[in-house]
Structures are given as structure tokens and as C-alpha cells.
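Protein chains: 2
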Amino acid sequence: MKFSCSQQTLAKSLNIVSKAVTSRTTIPILKGILLRVNEDGTLTMSASDLDLGIEKTFEVDNSEKGEIVVQAKLFGDIIRKLPNDIITVEDEEGNVIIRCSNSEFNIVGWPSDEFPKLNSKEEHESKILFEKEILKDMIRKTSFSASIDESRGVITGILVEIKEKTLNMVALDGFRMAISRQAIRNDREENIIIPAKTFNEIAKIISETENDDEKGTVDLYISDKRAVFIIEDTKVFLRLLEGEFVRYEDILPKDSQTSVVLNKNDFLDSIERASLLAKIGKNNLIKLNISNNNIEITSKSEEGKVKEDVIVSKEGNDLVIGFNSKYLIDALKVIDDEEIKLLFNSSISPCLIKPLTGDEYEYLVLPVRITNN
Amino acid sequence: MKFSCSQQTLAKSLNIVSKAVTSRTTIPILKGILLRVNEDGTLTMSASDLDLGIEKTFEVDNSEKGEIVVQAKLFGDIIRKLPNDIITVEDEEGNVIIRCSNSEFNIVGWPSDEFPKLNSKEEHESKILFEKEILKDMIRKTSFSASIDESRGVITGILVEIKEKTLNMVALDGFRMAISRQAIRNDREENIIIPAKTFNEIAKIISETENDDEKGTVDLYISDKRAVFIIEDTKVFLRLLEGEFVRYEDILPKDSQTSVVLNKNDFLDSIERASLLAKIGKNNLIKLNISNNNIEITSKSEEGKVKEDVIVSKEGNDLVIGFNSKYLIDALKVIDDEEIKLLFNSSISPCLIKPLTGDEYEYLVLPVRITNN
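Chains as they are written, first to last, in the working numbering: chain A, 1 to 373; chain B, 1 to 373.
Among the clues, some could well be false.
It does not matter which identical chain is used: a pair holds within one copy or between any two.
[Said to hold, decoys possible] Okay, derived cross-link-like pairs now, PhoX-like style, lysine-lysine, Cα gap no bigger than 20 Å in a straight line:
no.	residue 1	residue 2
1	Lys19	Lys127
2	Lys136	Lys254
3	Lys2	Lys163
4	Lys305	Lys81
5	Lys354	Lys254
6	Lys326	Lys81
7	Lys81	Lys264
8	Lys264	Lys314
9	Lys300	Lys73
10	Lys300	Lys81
11	Lys31	Lys197
12	Lys2	Lys305
13	Lys73	Lys305
14	Lys65	Lys81
15	Lys264	Lys341
Source of the hints: derived by calculation from the structure; they are not laboratory data.
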């Protein structure tokens with residue numbers, strides 16, 4: 001195996017493929033990256049942690065067919081530290097020789113036969129076409145709401161649902177729910193669950209390939225239990241989460257007793273300040289007192305108390321309701337609108353955060369029961 | 001006590017004074033910042049960890065004389081999160097009320113009587129005037145060489161020595177030594193040792209006050225065992241390290257058997273790459289083989305080996321010598337010159353790094369004994 005390639009190309013590709021390398025594994029080969037020079041003179045780099053596999057194929061020079069596995073961290077450190085010049089990589093008696101300018105590295109390689117195969121031979125049943133920027137934005141707007149508790153099964157994932165030419169992405173963790181919606185040109189209905197962690201890596205890969213083509217698309221091929229995202233010359237292989245997702249539409253409140261329109265940033269800033277005292281106690285508890293055209297936000301701890309006022313435009317009943325400030329902050333931070341609408345029913349019903357018009361996003365946050373002291 | 005002040009001024013001042021607040025203390029009052037409104041309508045903020053005290057005095061409005069201690073972290077978090085508007089701070093029954101725009105905080109205050117007094121009444125025996133930028137640069141060029149082992153006494157400090165109108169700053173830790181020299185207009189000779197940690201904070205404070213006056217000066221007043229730096233409206237009180245500093249001039253080699261001139265960045269880059277394999281073993285060992293007009297840098301570990309070549313201009317004997325790469329890297333990183341000179345005597349004598357001409361800086365690094373395999 002042999003190839004030459006610019007340091008920049010190699011470093012950039014390694015950054016992407018390395019996202020599938022896990023440090024927390026007892027299987028040594030999974031700490032490696034497979035370098036495979038193909039018949040056609042391209043190089044395929046790949047890495048896998050068994051749940052997630054990333055593969056990138058690109059043109060190289062002076063190619064000689066062959067494959068070998070290198071330690072991802074060491075190889076990456078070396079490539080990043082080399083000067084911006086041509087790098088030649090070659091195998092020699094099971095070792096890997098890396099030459100560039102006045103540097104020569106000779107590092108231990110591993111045989112490729114134990115390396116997990118990424119190229120699934122299964123038939124792909126369907127294909128979804130996303131616009132890069134829209135997919136990245138929908139991931140940002142939902143993934144934070146997925147459960148981070150590995151034992152929680154489907155709700156560690158994001159539901160990707162296509163029906164009636166609308167793409168719905170939904171994440172929830174039992175305390176809050178995020179929904180992002182976009183029109184999509186897709187005749188077929190879909191309903192799959194993609195791990196939120198994988199989706200976050202996809203968003204990063206999209207960002208890192210943005211210079212190449214800002215307006216590009218991402219293809220998703222779905223088979224029975226697996227899927228492949230194709231972003232430029234990068235393929236991301238993943239296992240879908242199996243099981244029935246929560247019937248999220250049943251959770252959405254159908255009407256409201258109190259409706260409030262307010263400036264998103266003023267509200268976010270006030271909640272962030274109020275939670276400076278809330279975070280010391282349990283639950284990051286803040287209290288919202290909605291009355292007339294004002295929301296008074298209060299919280300207290302042994303260290304003191306705080307009162308914030310946010311001017312709003314209100315319709316319906318007055319209301320006093322408590323929240324874990326973290327859940328409100330998380331949702332408000334990903335909303336780009338200047339003005340938003342909050343819908344409430346009672347102090348023990350969830351709050352719904354929506355745009356002034358339409359339903360491009362909906363954030364649902366469960367309240368915290370407040371006592372009188 | 002009462003005062004009003006812009007959020008920006010208050011936040012900036014808190015950043016500086018907070019550097020003297022320690023989180024690792026069992027004395028609760030040391031986690032606080034003293035707010036004292038003076039007779040003349042200025043506010044003095046101060047903090048101290050007993051070794052280091054910082055005090056900043058500036059104009060405020062609506063002042064009412066008085067003093068109270070606030071928890072540094074909570075008060076700082078609140079001030080930083082408030083909008084860019086006028087903040088009013090006031091004490092009320094032992095609490096501190098903070099008002100700004102639509103926010104009102106009421107936090108617990110502490111009485112000021114247990115707070116350590118910073119204003120030393122001792123007579124200051126002498127004064128040194130530094131140029132801000134030069135002092136900051138000399139700290140950067142020496143402090144990394146001081147010992148970080150708290151039990152090592154004087155060598156956790158930087159020697160500040162003035163003799164023959166030259167300011168010498170010297171730091172060493174038993175493995176390497178850094179010397180920075182500058183001409184200074186000071187008739188009196190001085191010889192004091194300032195903790196490197198304190199000097200690092202001084203450098204940060206200089207950076208943070210740079211917008212005010214780039215070409216400003218820093219005054220240092222020295223009394224018996226204490227000193228005060230005055231940087232604009234900030235005073236830094238510190239305890240000098242007591243004891244005899246190492247006679248550093250006796251350690252400097254008087255001549256050399258091998259003299260090498262090379263490009264600093266090429267040399268640094270090669271050592272950094274070589275240490276990718278060195279760091280796995282003990283001592284970060286790299287081997288320099290100086291021969292003809294080349295330095296071959298090699299290192300190896302179980303993971304592989306590396307060879308780097310750096311073109312140099314050499315006078316004197318060939319030499320093979322080993323180093324802990326960290327000590328070379330630390331010194332090379334703070335040198336601004338493009339070309340530098342390395343002086344050697346033997347494989348068991350220290351290496352001296354100097355400018356091509358003059359002695360504005362000298363870095364001395366002890367070698368590591370290398371075996372033949």
C-alpha cells in the first residue's frame with residue numbers, strides 16, 4: 001500500500017473519519033483507522049465503533065493498492081503536526097512509513113482483516129434527500145431534547161417522520177419535547193429513529209464539508225435496520241433504533257387558557273439570570289407569575305433571591321407556574337425568532353413554545369409543582 | 001453603602017479583583033469580595049487569599065459611604081449576566097440589593113470586619129518603574145521555568161535582580177533555567193523573589209488594562225517582606241519569597257565545544273513531532289545527533305520511531321545528546337527570534353539557547369543521559 005496526498009487534505013479527512021473512533025473500547029482494532037488504497041487509485045479511510053461507521057474516499061497520487069490499519073490518535077497527531085506539504089504513506093513489513101519534507105515516521109500498523117466491514121450488502125429500500133443546511137438546523141433544534149440515558153432506548157434517538165410531504169424531527173426525554181418541521185419533496189412516508197449522538201456527528205460533518213459546497217444535499221439510504229448518510233465523499237453508516245417511538249402528537253395540548261407573546265432574548269436573559277440563584281437548589285426551580293402584561297420570574301436559594309420582569313402581551317387567564325429553568329433555556333437558545341408565543345393551560349400542564357405563526361417548531365416543557373413558601 | 005456604575009465597568013473590575021479569590025480555602029470570608037464606598041465617592045473592590053491581594057478603586061455615582069462583603073462567584077455571575085446598563089448596588093439589613101433594568105437581586109452579604117486588610121502601613125523602602133509591555137513579556141519568557149512544586153521555596157518564584165542598570169529576571173526548577181534581561185533606569189540595586197504564580201496574575205492584569213493605556217508603566221514598591229504592584233487603578237499586594245536564590249550566574253557555562261545556529265520554528269516543529277513518539281515513554285526523551293550541518297532528531301517508543309532533520313550552521317565538535325523534549329519546547333515557544341544559537345559542551349553538560357547577538361535571554365536545559373539502544 002502506498003499513496004501521496006497533501007497534508008491539508010489528509011488532516012481534514014482524518015478529522016471527519018476520527019469521529020467514529022471510540023476511546024472507550026476494549027477491542028483494540030476499533031481504536032484504528034483503516035487506510036485502503038483502491039484499484040482506481042483512490043484512498044478510502046474508515047473507522048467504526050460498531051454502532052457508527054464513517055468512510056471517506058478521495059483521490060491520491062502515487063497509489064499502490066493495499067490496506068493497513070493505523071492507530072487513529074497517533075496517526076492523526078502526526079499528520080496534524082506535519083508541515084503543509086505532500087505526505088507519502090507506505091506500508092513496510094507490517095509497519096507504516098510516513099514521509100513529509102524532512103520528517104520520517106515509522107509506526108506500528110495492524111492487519112486489516114479484523115477491521116469491521118462497513119460496506120453493507122443489504123438492499124436499500126428507500127432514499128431521502130435533505131438539504132444540508134436544513135438538516136443541520138433541524139438536528140440543532142431537536143437533538144438536545146433526546147434522553148442522554150443510554151438505557152432509555154428509542155428516546156435516546158430522534159424520530160425522523162415523513163408524512164404528507166412534511167418532515168418532522170422529534171426528540172423527547174420525559175421532561176420536554178422538541179419538534180422541528182419542514183416541507184419536503186418525498187412521496188413515500190417514513191418513520192425511523194436515528195440515535196441523537198449519531199445525528200450530532202452528522203451535523204458536525206456537514207459543517208466541516210460546508211466549504212466544499214454550501215448548498216449541497218445529504219442522501220439518506222434506509223434498509224431494514226440500518227441506514228447510510230452520504231455527505232459529499234463521506235458515508236456515515238449507522239444502526240437505526242428499534243421500537244415504537246412515543247406518539248408525540250397525542251402529547252401536544254390542543255388548546256390553551258393563557259397565551260403570551262414576548263421577546264425571546266429578553267425572556268431568555270431573564271431566565272438565565274433567575275437561574276443563577278435557582279441552580280443551587282434542586283430542579284433549577286424558577287417561578288413564573290403571569291399577570292396583566294408582565295411575567296414576573298422569581299427564584300430563591302439560601303444565598304438570596306431574584307425578581308425579573310418581562311413585558312409581554314397576554315391573552316387569557318393569569319397563571320403562576322414553576323419550571324426547571326434548564327429546559328426552558330435549552331429550547332429558547334435554539335430558537336432564532338425574535339418574538340415567540342407561549343401557550344399554557346394550568347400550573348400542572350405543560351407549556352408549549354411556538355412561532356407566532358405556523359408550526360415550524362414546537363417545544364413542550366413540563367412544569368414543576370411549586371409549593372407556597 | 002450604595003453606588004451606581006455601568007455594568008461594563010463593574011464586570012471588568014470584578015474580573016481583575018477576582019484573580020485573588022481562592023476557591024480552595026476553608027476560610028469562608030476569603031471567597032468574598034469587599035465592596036467599600038469611600039468618603040470621596042469612589043468604590044474600592046478588594047479580594048485576598050492572604051498571599052496575594054488585589055484592590056481596584058474607581059469612580060461611581062450615587063455613592064453612600066459604607067462597606068460589605070459579597071460572595072465573589074455569585075456576585076460576579078450576576079454582574080456578568082446583567083444587561084449593559086447602569087447597575088445600582090446597596091446594602092439593606094446585611095443583604096446586598098442589586099438593581100439593573102428589570103432585574104432585582106437580593107443576596108446575602110457578610111460583615112466586613114473579618115475581611116483581611118490590604119493597605120499595608122509599612123514604609124516602602126524602594127520603588128521600581130517597569131514599562132507595562134516589557135514586564136509582561138519578561139514574565140512570559142521566564143515564569144514557565146519556575147518550579148510548580150509548592151514545597152520548593154524560592155525556586156517557585158522569579159528572581160528580580162537589578163544591578164548595573166540591568167534588570168534580570170530568572171526562574172529555574174532544577175532541570176532548566178530561564179533568564180530575561182533588559183536595560184532599566186534604576187540607580188539602586190535590588191534583589192527580590194516574587195512568586196511565579198503572582199507574576200502570572202500580574203501579566204494577566206496588565207493585558208486586561210491594556211486598552212486603557214498601552215504604553216503605561218507599572219510601579220513596584222518594595223518593603224521588607226512585602227511588595228505592591230500598581231497598575232493603573234489596581235494595586236496588587238504580595239508577600240515576597242524569603243531566602244537566598246540560586247547563584248544562577250555560576251551555573252551558566254563559560255564557553256562551548258559546539259555552537260549551532262538554526263531556524264527556531266523549524267527546530268521547534270521538528271522537536272514537537274519527534275515528541276509525539278517520545279511522550280509515551282518516560283522523560284519525553286528525544287536524541288539530537290549534531291553532525292556536519294544537520295541535527296538529526298530521533299525518538300522511539302513501542303508505537304514506532306521518528307527521524308527529523310534540521311539544517312543548521314555548526315561550529316566545533318559533532319555531538320550526540322538527549323533531552324526531555326518538553327524543556328526544549330517550553331523555551332523555544334517563548335522565543336520571538338527567527339534564528340537562535342545553541343551552545344553545547346558534552347552529552348552530559350547543559351545546552352544554552354541564546355540570541356545570535358547579545359544576551360537578552362538565555363535558556364539553559366539539562367540533558368538526559370542516553371543509553372545505546
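Exercise. What are the numbers of the hints that this structure violates, sorted from low to high?
Worked result: 1, 2, 3 and 14
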